[in-house]
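*Asks:* Here's the letter readout for the chains.
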Amino acid sequence: MNLLKNQWFLIGAGLCGILILVVLFLVLPNGEVTQPIAFNHKKHRDNNVPCIVCHRFYKEEKRAGIPPVNVCITCHEDVIYPTPEKIKIQNYFSQHKAIPWQQVYKVPGHVFFSHRLHVNRGNLACKSCHGEVGQLEQPVTKQLIPLKMKYCIDCHKTVETIDNPYECIRCHR
Amino acid sequence: MPRWGMVIDLNTCTGCGACIAACKNENNVAYSSPEEAENGRALSWINLLPRYEGEFPNIHIQYYPMLCMQCDNPPCIKVCPVRATYKADNGIVAQIYPRCIGCRYCMAACPYTVKYFNWYEPKWEPEMIKSFNPDVSLRPKGVVEKCTFCHHRLIEAREEAMVEGIEFQEEQFVPACVETCPARAMHFGDLDDPNSMVSKLANSSRAVRFLEDLGTEPKVYYLSASEKLI
Amino acid sequence: MGIKRRDFFKQSALLVSAAHSGRWASRAVAAQEKDIFQGSQKAGKETWKNTVCRLCPGGCGIRVRLIDEQPVTIAGNPISPINHGGLCPTGHSGLQQLFHPDRISAPLKRVGEKGSGKWETISWPEALQMVAQKLLALRNQGNPHHVVFLHAGFRGSTARLVQQFMSAYGSPNVISTREENPYALPFLTMHGRNARPAYDFLNSRFILSFGKDFLGTEGPPAWMANIFSETRQPHREFQTHFVQISSRCSMSSAKSDLWLPVYPGTAGALALGIAYILILEDLYDHQFVENFTFGFADWIDNKGKPHSGFKNLVLKEYYPEKVAKITGAPVDVIIQLARRFAGNKPSIAIYGEEVTNYTNRFYSQMAIHSLNALSGSINMKGGIVIQPDKYPISVPKSFLDSIARRGLKHDPLDKGSNDQVSLVQSDLAKFLRNIEEQKPYPLELAFLFHTNPVFELPETTRVKRLFAHIPYLISFSSFMDETTELADLILPDHTYLEKWDLDFGVPNIPFLHVGLSQPVVEPVLDTRHTGEIIIQLAKMIDPLTRTVSSQNYLQTIRSQAKMLYDSGSGFIPTSDFGQFMYTYMLDRGFKYYKAEDFEQFWKGFVTHGSWLEMPAGTENTRSAFQTPSKKFEFASQILQEQFSKYKNNSSVQESRDPDLKLLPHYEPCEFSGAEDKYPLHLIPYHLVTLFEGEGANRPLLLEMVGYPHLIRWNSWAEINPETAHKWKIHDSDWVWLESEKERIKIRVKYFQGAMPGIVYLPIGLGHTTYGCHAKDRGVNPNQILASGWERFSGQFARQATRVRILKI
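Just so you know, the protein sequences line up as chains B, D and W, in that order. For the first sequence, my numbering begins at 1 and goes up steadily by one. For the second sequence, my numbering begins at 1 and goes up steadily by one. For the third sequence, my numbering begins at 1 and goes up steadily by one.
Hints may be right or wrong, so weigh each one.
To be verified - Partial pick of chain W residues on the chain D-facing surface, computed with a CB cut under 10 Å: (1) Gly-153; (2) Leu-400; (3) Ile-403; (4) Glu-722; (5) His-725; (6) Ala-754.
Claimed, not checked - Between beta-carbon pairs, the in silico distance windows are: (7) D:Glu-53 / W:Arg-433: 21 to 31 Å; (8) D:Glu-160 / W:Gln-70: 17 to 27 Å; (9) W:Glu-69 / B:Lys-157: 37 to 47 Å; (10) B:Gln-138 / D:Pro-75: 27 to 37 Å; (11) B:Cys-155 / D:Ile-166: 17 to 27 Å.
Said to hold, decoys possible - With a cut-off of at most 25 Å between alpha-carbon atoms, the simulated PhoX-like pairs for lysine-lysine come out as follows: (12) B:Lys-157 / D:Lys-141; (13) W:Lys-345 / W:Lys-325; (14) W:Lys-118 / W:Lys-661; (15) W:Lys-42 / B:Lys-86; (16) B:Lys-106 / D:Lys-130; (17) W:Lys-45 / B:Lys-88; (18) W:Lys-316 / B:Lys-127; (19) B:Lys-127 / B:Lys-142; (20) W:Lys-311 / W:Lys-631; (21) W:Lys-594 / B:Lys-127; (22) B:Lys-59 / W:Lys-726; (23) B:Lys-97 / W:Lys-631; (24) D:Lys-87 / B:Lys-150; (25) D:Lys-130 / W:Lys-775; (26) W:Lys-311 / B:Lys-106; (27) W:Lys-345 / D:Lys-228; (28) W:Lys-775 / D:Lys-123; (29) B:Lys-59 / W:Lys-42; (30) W:Lys-661 / W:Lys-322; (31) B:Lys-106 / W:Lys-134; (32) W:Lys-45 / B:Lys-97; (33) B:Lys-106 / D:Lys-228; (34) W:Lys-631 / W:Lys-118; (35) B:Lys-148 / W:Lys-42; (36) B:Lys-43 / B:Lys-142; (37) W:Lys-631 / W:Lys-134; (38) B:Lys-148 / D:Lys-87; (39) D:Lys-130 / W:Lys-45; (40) D:Lys-130 / W:Lys-49.
Calculated from the structure, these hints are not laboratory results. Owing to the predicted nature of the structure, the values given are computational and were not obtained by experimental measurement. Virtual Cβ for every residue (Gly too), placed ideally from N, Cα, C.
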């Protein structure tokens, strides 16, 4: 009890707490992830590789799909111009391991979202939700446009859709 | 806009329990432990409510499949402080889990006692998680859940129709319990469509609804069992 | 090289993207795509696969929904002629079986004492080597018949392969631990052949069910529910009346038009009481009785000795007042029932568990079946037909070398004894006694195929001792059940969702049906198809390769499917018309989907999942009896022959009237336990969720097990409140149930549908092992059953035990 009455102790404890919080804030990634490979979207685009080569299903399934190593290795099998990233891919391939891509663009489990509907029916371009991912030279570590409910609603309010944009169970399940 | 409703024929329902099993699998409803079940905290969106009448040997047994009645005038939505439960345009009484604060007012208000509260963190074996239905979200501890008429199937069916560019047909949407019923005792469809099977059955003289005098206007109809032939 | 490849890829990528914007995907691109994009992308891609449910003998067609190759839902297959899209609760639990955490994941070898639960994981080649060595050693010693293959009534391709393998090996012992055909006895004596009945409920107007829980476990559940619902449709031209005679108000009783409770074990007497009225009031079918039956009136045998017939026996003995006293059914109800049975033709009398589980089952079954003869509904529309079993699938005869021939000369271990009249092919009581006494030869190696006798059979302690003493026990089980625990080697089988199989011979259906089981998912664990194991074992044991020649199991299946195709009969249903429609259209010469060649046939078979053939009309087979008189025999000459074999054997020749022994009659059931000491009857019954206890490892089923009483995860004892008051027991009290043998602790549930003086227990719970969910849940009624084995069928009289109840 005596200890608690000591004001210097309380101030010290408070300062320590703040310090810990600051350190945590700096150290912990604020919603960002690290990708296993420094993937360069822009370079692939500039080399005329369309999105569908890697995100194979975005037009025909609900989810677009993240490429497995087999897709990468089709181009990056060569050993003539090795780069560190290429070697990583080749290592994954030779060890029969999946590349541990971190999914960045995802909706929570209680949300229904369909890629093919937005792409085919809504005629949306990728960048309307994903932002200018195609211009990124660094790997995708965070959502360029934060995918929050508000973003969905805002869009659905403006675009003419089938029915009421405020109908919760159109997306909540 | 269709008004979805269900008709259950008590004359052909054999009380086999297939609807219970189909529902639990389809909607990833969590299992209780024996101790939790003992306290009446097991979750099951559809139940067979038994009614035993009379004494041996003149006994009459009837099982009533009890699911959310999807009332047209639902008492549960009036008491929800956060609008987590509300009536959608198509008549389905929706439960939005992320909004739910777990106050359980709606459970108290429901005269059919068909809303269920997640008292515990669901316990899933890691192996069995593989067989989850990805179309339905997993509910966390502390929210109320209930039958949705397998609403996710409607979303899916409509999405499919939209992608294919065809008109959405009523028959494309069938809840899991109706689909599995081996006795074909359950019917589902649009109550407003005068040509649909359900609206014909719901308007027949055998059709009754539970606790109609409360004015809840349930959309689940029961066709009363006919007289015994002998 | 890399650059070249990249250039090429750019082009092909453009092609691919173009292919997906339009719908003109050329084959070349598609083939390339497959190579490039193999590997899993979680895209939420949905596919469906059709297969067959094997969780009960019902054989329902199911379709499995796969998302990204991962099975997520099981639903009924709408084009299956058995379930028409419906599915029972058990069918939904299949994925919990597949992904169960306690599945045996690899071959196991016992290292500790038997039953100590110490196992060592070994590799498949090692395991197979061990089995082959054992089998070779026994064979070289000249004792191939010391090997036994135990199963729980299997059928289809696996059954045929095992039969082939075992006879080529030289063992006659392929034995079922469950009664394969509980309906067989009257067919053996009165029709002269072992047959299964199929009932034409849809065209029948009156169904008199003696204790057959037709909406429960007896009869494929989904099939029966479908038929029942069909009979209740308002648009039908005529009504089908159901009458259920049993002591408990099961769902079948509750859904019937009349439920008539009778005292346990007295159903046979009631049948004879009905026969009395039919004969007395001249309501029976004269045309059938006079033309196609034998022994109705008094008769004279070929030695000139007169015998009394069925008619006089019934008229003398079973007047309604007496029957009413035996059965507890009121006299006027018996009379009414008989008149309605005769007045609403075609009418069927069927029997089930509450008849076959008593010591007097044999004559009761005959008595009930004779009602079918009196109403003339045998082999006709709306009546009882012999289930067709002539499948166009044959297996080549096994090649027998000298060792095999010598081995096969021995009697199988389940063959009825020499000191007892035995009619059935497989006598379970005799089998247990034989392995207990090691006579006529010892049992040295046993295979255990998806059966759990230690749990399922009564006399649990004895059966456990017997199985623990089998020198080498090899189990194919997927789970560590009570019997597998005693095994020396476990070779875990795939679950039904992981394997190829052909399933035919579904009981009680009036048409030929072959279901194709296909793997919907890659094997989850390091398990192996038992069929593959048999084929590999055959390769390791020299002369057996000449019999089992196929490379793998799929090849076996395909060759059998080829036989179906070559036979030219039947068709693959591609859409559901309902049963009426099939017959209607086939009668009018409609041709169904016919494949042009076998590959197309196979493709259709895999896609749609079943093959079907409607038998030709049944009218012309009314006289097809294989008895000595070529007629339906009320007085069974086959039985007479059997009895005369043991003329001088005092244990067979009882004091009973020799004429009576040939005729259907009522003899009181022998209950175990004195009535004053054990005043209550115990009746265990089956649940559609658990069957013999296989369902108890799946939480889905355990949680809903007692839904009629809102009980979950546990057993309960149903008891009439009146009886409970007598013993001062309240609802939900815990009590001891005690038989002569043992006692169990259980919770009481009041039930007005229970007959006073009887306690009802569900079968299937009370496992001591069998995975985390099943272990120590509820009680196993088999533990306390104390009555004996019925002599004609070799099955246990499960419902003939008396108990007393003690409040805790």
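*Asks:* For each hint, tell me whether it holds in the structure or not.
*Replies:* Consistency of the hints with the structure:
1. Annotation: interface hint on Gly-153 of chain W violated; nearest CB of chain D at approximately 22 Å, more than 10 Å.
2. Here the hint on Leu-400 of chain W is broken, as its CB sits about 45 Å from the closest CB of chain D, past 10 Å.
3. Violation of the interface hint for Ile-403 of chain W is found here, the shortest Cβ-Cβ separation to chain D being roughly 45 Å, above the 10 Å cut-off.
4. A least Cβ separation of about 7 Å between Glu-722 of chain W and chain D falls short of the 10 Å threshold, and the interface hint therefore holds.
5. Among the interface hints, the one on His-725 of chain W is violated; its C-beta lies about 13 Å from the nearest C-beta in chain D, farther than the 10 Å criterion.
6. Nearest Cβ of chain D to the Cβ of Ala-754 of chain W: about 7 Å, under the 10 Å cut. The hint holds.
7. Checked against the given bound of 21 to 31 Å, the beta carbons of Glu-53 of chain D and Arg-433 of chain W, roughly 49 Å apart, lie outside it.
8. Restraint check, Glu-160 of chain D to Gln-70 of chain W: a C-beta distance of roughly 20 Å satisfies the suggested window 17 to 27 Å.
9. Distance hint check: the CB atoms of Glu-69 of chain W and Lys-157 of chain B are about 38 Å apart, consistent with the given range 37 to 47 Å.
10. Restraint check, Gln-138 of chain B to Pro-75 of chain D: a C-beta distance of roughly 55 Å breaks the suggested window 27 to 37 Å.
11. Distance hint for Cys-155 of chain B and Ile-166 of chain D: a CB-CB separation of about 25 Å, consistent with the stated range 17 to 27 Å.
12. Under the criterion of a C-alpha separation no larger than 25 Å, the hint pairing Lys-157 of chain B with Lys-141 of chain D is inconsistent with the structure, at around 33 Å.
13. Distance check on the hinted pair: Lys-345 of chain W and Lys-325 of chain W sit about 28 Å apart at the alpha-carbon level, beyond 25 Å; violated.
14. Pair hint Lys-118 of chain W plus Lys-661 of chain W does not hold up; C-alpha atoms about 53 Å apart against a cutoff of 25 Å.
15. A distance of roughly 24 Å separates the Cα atoms of Lys-42 of chain W and Lys-86 of chain B; the hinted pair therefore holds under the 25 Å criterion.
16. Between Lys-106 of chain B and Lys-130 of chain D the alpha-carbon distance is near 19 Å, which keeps this suggested pair within the 25 Å criterion.
17. With a C-alpha separation of about 29 Å, the suggested pairing of Lys-45 of chain W with Lys-88 of chain B is violated against the 25 Å cut-off.
18. Straight-line distance between C-alpha atoms of Lys-316 of chain W and Lys-127 of chain B comes to about 94 Å, which puts the hinted pair past the 25 Å bound.
19. Taking the CA atoms of Lys-127 of chain B and Lys-142 of chain B, the gap is about 14 Å. The hint holds against a cut of 25 Å.
20. Of the pairs offered as hints, the one joining Lys-311 of chain W and Lys-631 of chain W holds, with about 16 Å between alpha carbons and a cut-off of 25 Å not exceeded.
21. A distance of roughly 51 Å separates the Cα atoms of Lys-594 of chain W and Lys-127 of chain B; the hinted pair therefore is violated under the 25 Å criterion.
22. Annotation: proposed proximity of Lys-59 of chain B to Lys-726 of chain W is violated, straight-line Cα distance about 73 Å (limit 25 Å).
23. For the proposed pair Lys-97 of chain B and Lys-631 of chain W, the alpha carbon gap of about 72 Å is over 25 Å, so the pair is violated.
24. A distance of roughly 21 Å separates the Cα atoms of Lys-87 of chain D and Lys-150 of chain B; the hinted pair therefore holds under the 25 Å criterion.
25. As the CA atoms of Lys-130 of chain D and Lys-775 of chain W are separated by approximately 23 Å, the hinted pair is consistent with the 25 Å bound.
26. For the hint pairing Lys-311 of chain W with Lys-106 of chain B, the CA-to-CA distance comes to about 80 Å; that exceeds 25 Å, so the pair is violated.
27. Using a Cα cut-off of 25 Å, the hinted pair Lys-345 of chain W and Lys-228 of chain D holds, with the two alpha carbons roughly 19 Å apart.
28. The hinted pair formed by Lys-775 of chain W and Lys-123 of chain D meets the criterion: a straight-line CA distance of about 18 Å does not exceed 25 Å.
29. Annotation: proposed proximity of Lys-59 of chain B to Lys-42 of chain W holds, straight-line Cα distance about 14 Å (limit 25 Å).
30. In summary, the hint linking Lys-661 of chain W to Lys-322 of chain W is supported, as the alpha carbons are separated by about 20 Å, within the 25 Å threshold.
31. Only pairs whose Cα atoms come within 25 Å are accepted, and Lys-106 of chain B paired with Lys-134 of chain W is rejected, the gap being roughly 57 Å.
32. Restraint check for Lys-45 of chain W and Lys-97 of chain B: satisfied, since their Cα atoms lie roughly 22 Å apart, inside the 25 Å limit.
33. Simply put, Lys-106 of chain B and Lys-228 of chain D have alpha-carbon atoms about 57 Å apart, too far for the 25 Å limit, and the pair is violated.
34. As the CA atoms of Lys-631 of chain W and Lys-118 of chain W are separated by approximately 59 Å, the hinted pair breaks the 25 Å bound.
35. A C-alpha spacing of about 22 Å is found between Lys-148 of chain B and Lys-42 of chain W, which places the hinted pair at or below 25 Å, so the restraint holds.
36. Of the supplied pair hints, the one linking Lys-43 of chain B and Lys-142 of chain B holds, its CA atoms being roughly 19 Å apart against a limit of 25 Å.
37. Among the hinted pairs, Lys-631 of chain W with Lys-134 of chain W is inconsistent with the structure: their alpha-carbon atoms are about 50 Å apart, more than 25 Å.
38. With a CA separation close to 24 Å, the supplied pair Lys-148 of chain B and Lys-87 of chain D stays within the 25 Å bound.
39. For a cut-off of 25 Å, the pair hint linking Lys-130 of chain D to Lys-45 of chain W stands: about 15 Å separates their Cα positions.
40. Proposed proximity of Lys-130 of chain D and Lys-49 of chain W is supported: the alpha carbons are some 17 Å apart, at most 25 Å.
Going down the numbered hints, you'll see the structure goes against 1, 2, 3, 5, 7, 10, 12, 13, 14, 17, 18, 21, 22, 23, 26, 31, 33, 34 and 37, while the others check out.
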